[in-house]
Amino acid sequence: MARRLFESLECWPNLDGNRPTLPVTLSTLDGQHVVHEQPMPIDTGFTGAMLLSREAFSNFERAELPESESRIYRTLIGPVPMRTARALLKLPLADETEILVDTPKYGVGKSLIGLRLLRGIELLLNGQRLETCLLEERSQP
Amino acid sequence: MAGKVYAMRVPVVTKVILVTLVIRGLDEKTRRSLRAEAIRRGLRLAQAVKEAFQLWRSYDQDAETLSERDVNNATYNALKQELEKYAGKTILIAGGRLLGTYDNPRSAATDLSLKAPEAQHAIVTTIGKDKREELEWLGGSLNL
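Those sequence lines, one after another, are chains S and B.
Here the working numbering is used: the first residue of the first sequence is 1, the next is one more, and so on.
Here the working numbering is used: the first residue of the second sequence is 1, the next is one more, and so on.
For the record, the hints were derived by calculation from the structure and aren't laboratory data.
Don't take each hint at face value.
Said to hold, decoys possible - As a list, the in silico DSBU-like pairs of lysine-lysine whose alpha-carbon atoms are at most 30 Å apart: (1) Lys110(S) <-> Lys29(B); (2) Lys50(B) <-> Lys105(S); (3) Lys110(S) <-> Lys90(S); (4) Lys129(B) <-> Lys90(S); (5) Lys89(B) <-> Lys129(B); (6) Lys90(S) <-> Lys85(B); (7) Lys129(B) <-> Lys110(S); (8) Lys90(S) <-> Lys50(B); (9) Lys105(S) <-> Lys29(B); (10) Lys105(S) <-> Lys131(B); (11) Lys90(S) <-> Lys29(B); (12) Lys115(B) <-> Lys80(B); (13) Lys85(B) <-> Lys110(S); (14) Lys89(B) <-> Lys50(B); (15) Lys115(B) <-> Lys129(B); (16) Lys50(B) <-> Lys29(B); (17) Lys110(S) <-> Lys131(B); (18) Lys50(B) <-> Lys110(S); (19) Lys85(B) <-> Lys131(B); (20) Lys85(B) <-> Lys29(B); (21) Lys50(B) <-> Lys80(B); (22) Lys105(S) <-> Lys115(B); (23) Lys89(B) <-> Lys29(B).
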């Protein structure tokens with residue numbers, strides 16, 4: 001297998017020293033910033049794009065999916081029904097994209113970045129330096 | 001007559017509206033099961049549905065009254081079959097009404113600001129594209 005080289009473009013320290021994070025900007029579909037470059041923890045066990053606290057989710061209720069189309073997550077303690085809404089996401093060094101954000105139908109929830117959001121970006125979880133870096137592949141010299 | 005108070009009998013008219021509800025798409029098994037359960041409890045079907053609904057609502061702490069969200073979802077469910085003709089289009093429901101169909105969700109959001117700026121809740125969904133997904137949430141941050 002050919003060796004591949006990556007360059008780190010920008011890095012952010014882990015939250016509380018152990019939670020990998022990325023700063024995200026979230027806006028409503030009509031362009032109002034709700035969250036601006038806020039570090040959010042990454043949870044690779046969550047396969048959706050983003051989970052939000054109930055409070056943060058309330059800003060996106062003007063573009064919610066019907067309840068019958070909102071997501072359900074399979075967990076060790078059984079299915080967790082969600083409320084799902086549309087939002088605009090901006091990651092560092094990337095263009096703004098439309099995503100679906102979730103919050104648990106019951107409970108207060110929490111804010112985190114899920115696996116689906118990591119598609120399409122190259123990321124380094126650096127355990128030695130306790131930081132998370134965005135990478136770019138370099139052409140071979 | 002001055003200084004005297006006379007009690008008058010005020011006729012009370014109670015208006016009772018009986019509504020017949022037709023549930024389309026309810027499968028035979030559920031219908032039979034609902035009917036059997038109502039008979040077992042000595043209830044009429046309407047009473048059984050009412051009790052079941054109240055029980056269902058009691059689990060949802062945010063739903064003490066009918067919210068904008070409930071009304072919009074009820075509208076979506078009522079229109080669901082009719083909306084299939086807009087496959088690929090984005091629809092917007094707010095205030096319990098279908099406000100329009102659009103090429104994309106952002107256009108719907110822009111129109112919402114014009115047509116119902118006061119709405120706290122709206123449904124924006126792309127017909128035939130947005131479907132319920134079942135995803136996974138492994139351990140990690142799973143304390144709600």
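A quick look at each hint next to the structure:
At most 30 Å may separate the alpha-carbon atoms for a hinted pair to count; Lys110(S) and Lys29(B) exceed this at roughly 39 Å. Restraint check for Lys50(B) and Lys105(S): the C-alpha separation of about 23 Å stays at or below 30 Å, so the hint holds. For the proposed pair Lys110(S) and Lys90(S), the alpha carbon gap of about 19 Å is at most 30 Å, so the pair holds. At most 30 Å may separate the alpha-carbon atoms for a hinted pair to count; Lys129(B) and Lys90(S) meet this at roughly 23 Å.
Taken as a hint, the Lys89(B) and Lys129(B) pair is honoured in the structure, with Cα atoms around 9 Å apart against an allowance of 30 Å. Distance hint between Lys90(S) and Lys85(B) is unfulfilled; the C-alpha atoms sit about 33 Å from each other, more than 30 Å. Pair hint Lys129(B) plus Lys110(S) holds up; C-alpha atoms about 27 Å apart against a cutoff of 30 Å. Restraint check for Lys90(S) and Lys50(B): the C-alpha separation of about 46 Å exceeds 30 Å, so the hint is violated.
Distance hint between Lys105(S) and Lys29(B) is fulfilled; the C-alpha atoms sit about 28 Å from each other, no more than 30 Å. A C-alpha spacing of about 17 Å is found between Lys105(S) and Lys131(B), which places the hinted pair at or below 30 Å, so the restraint holds. Among the hinted pairs, Lys90(S) with Lys29(B) is inconsistent with the structure: their alpha-carbon atoms are about 48 Å apart, more than 30 Å. Simply put, Lys115(B) and Lys80(B) have alpha-carbon atoms about 22 Å apart, close enough for the 30 Å limit, and the pair holds.
A threshold of 30 Å between alpha carbons decides the hint, and for Lys85(B) with Lys110(S) the separation of about 38 Å lies outside it, so the pair is violated. Of the supplied pair hints, the one linking Lys89(B) and Lys50(B) is violated, its CA atoms being roughly 35 Å apart against a limit of 30 Å. With a CA separation close to 25 Å, the supplied pair Lys115(B) and Lys129(B) stays within the 30 Å bound. With a C-alpha separation of about 19 Å, the suggested pair Lys50(B) and Lys29(B) falls inside the 30 Å cut-off, and the hint holds.
Among the hinted pairs, Lys110(S) with Lys131(B) is consistent with the structure: their alpha-carbon atoms are about 24 Å apart, no more than 30 Å. This hinted pair does not check out: Lys50(B) and Lys110(S) have alpha carbons roughly 35 Å apart, beyond 30 Å. The hinted pair formed by Lys85(B) and Lys131(B) meets the criterion: a straight-line CA distance of about 16 Å does not exceed 30 Å. Distance check on the hinted pair: Lys85(B) and Lys29(B) sit about 29 Å apart at the alpha-carbon level, within 30 Å; holds.
Between Lys50(B) and Lys80(B) the CA atoms are separated by roughly 23 Å; this keeps the pair inside 30 Å, and the hint holds. For the hint pairing Lys105(S) with Lys115(B), the CA-to-CA distance comes to about 28 Å; that is within 30 Å, so the pair holds. A C-alpha spacing of about 34 Å is found between Lys89(B) and Lys29(B), which places the hinted pair above 30 Å, so the restraint is violated.
The structure fails to meet hints 1, 6, 8, 11, 13, 14, 18 and 23 from the earlier list, while all remaining hints are met.
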